[in-house]
Amino acid sequence: MAKEWVLNQAMNRWGLNKKRFVGPVSELIRKCAPKKLDEWEKYYFDNVYPKEHFEDLGRKLYFKITKIVQPEVMEVTEEDCTSYIKEVVIKRTFDGYVNEIQTVYGQLQNLLGVEIKPAPDKWDRLYNVDFFIEVNGKYIGIQIKPITFKHTFEDYKWQEMQETSHSKFKKKFGGEVFIIFSIAEGKKKIIQNREVIEDIRKDIERLKEHGS
Numbered sequence: 001m002a003k004e005w006v007l008n009q010a011m012n013r014w015g016l017n018k019k020r021f022v023g024p025v026s027e028l029i030r031k032c033a034p035k036k037l038d039e040w041e042k043y044y045f046d047n048v049y050p051k052e053h054f055e056d057l058g059r060k061l062y063f064k065i066t067k068i069v070q071p072e073v074m075e076v077t078e079e080d081c082t083s084y085i086k087e088v089v090i091k092r093t094f095d096g097y098v099n100e101i102q103t104v105y106g107q108l109q110n111l112l113g114v115e116i117k118p119a120p121d122k123w124d125r126l127y128n129v130d131f132f133i134e135v136n137g138k139y140i141g142i143q144i145k146p147i148t149f150k151h152t153f154e155d156y157k158w159q160e161m162q163e164t165s166h167s168k169f170k171k172k173f174g175g176e177v178f179i180i181f182s183i184a185e186g187k188k189k190i191i192q193n194r195e196v197i198e199d200i201r202k203d204i205e206r207l208k209e210h211g212s
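Residue numbers are given in the numbering used here: position 60 of the sequence shown equals residue 60, and the series is strictly consecutive.
Hints in this document: simulated from the structure, not taken from any laboratory. Treat the hints with care, since some could be wrong.
[What the hints assert, rightly or not] Estimated spans, in silico, between C-beta atoms of each pair:
1) I183 with E55: 20 to 30 Å
2) Q159 with D95: 26 to 36 Å
3) A2 with K60: 58 to 68 Å
[Claimed, not checked] Using 25 Å as the maximum straight-line C-alpha spacing, the simulated SDA-like pairs for lysine to any residue come out as follows:
4) K60 with Q70
5) K67 with L7
6) K3 with Q102
7) K117 with K67
Every residue, glycine too, gets a C-beta built ideally from N, C-alpha and C.
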């Protein structure tokens with residue numbers, strides 16, 4: 001299994017399984033439509049590359065592993081491993097989380113057509129608010145959470161805590177607090193509960209008209 005992992009990583013790294021080395025195999029096998037493995041093998045060797053081509057690719061792969069991969073592995077230290085694990089688990093996770101929030105924050109600002117500002121640090125602790133919208137001296141709170149948080153939010157204790165802190169925010173600043181859930185769509189992060197956008201618009205209008 002370990003040997004297969006090394007072979008797979010090296011083959012992918014140098015693209016020896018790419019079309020330019022082995023041909024458009026996905027298209028070719030459909031064209032061949034084999035019922036058995038040996039039918040596909042014969043078709044490939046007869047119509048794409050001869051068997052000797054695999055031997056040539058094998059020599060290239062072996063050279064890459066013995067002359068490049070092995071020396072690279074020998075240079076890796078225990079400290080490198082520890083640092084890399086910390087980088088992946090802590091920093092990259094945090095960077096991805098911040099990027100997701102900032103991406104959704106930008107989408108929300110464009111959809112509403114109003115300025116949305118980052119909340120003071122103490123607001124996060126006191127009111128569970130990440131951003132705010134100012135309307136006539138009053139504030140509407142915005143909290144952005146990845147969709148995985150929704151399951152936690154549905155838990156009764158969490159919901160009760162959120163409602164309590166959001167109620168304190170409204171009492172002090174006049175506006176509601178809205179939770180925006182983000183979800184992945186391909187490589188992008190988008191707003192999952194888009195219906196909340198209309199609710200925010202209504203609260204903006206309420207504060208414009210009545211101020212409370």
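To see whether the hints hold, each was checked on the structure:
no., hint, verdict
1, I183 with E55: 20 to 30 Å, "violated, 48 Å"
2, Q159 with D95: 26 to 36 Å, "holds, 29 Å"
3, A2 with K60: 58 to 68 Å, "violated, 21 Å"
4, K60 with Q70, "holds, 15 Å"
5, K67 with L7, "holds, 14 Å"
6, K3 with Q102, "violated, 42 Å"
7, K117 with K67, "violated, 54 Å"
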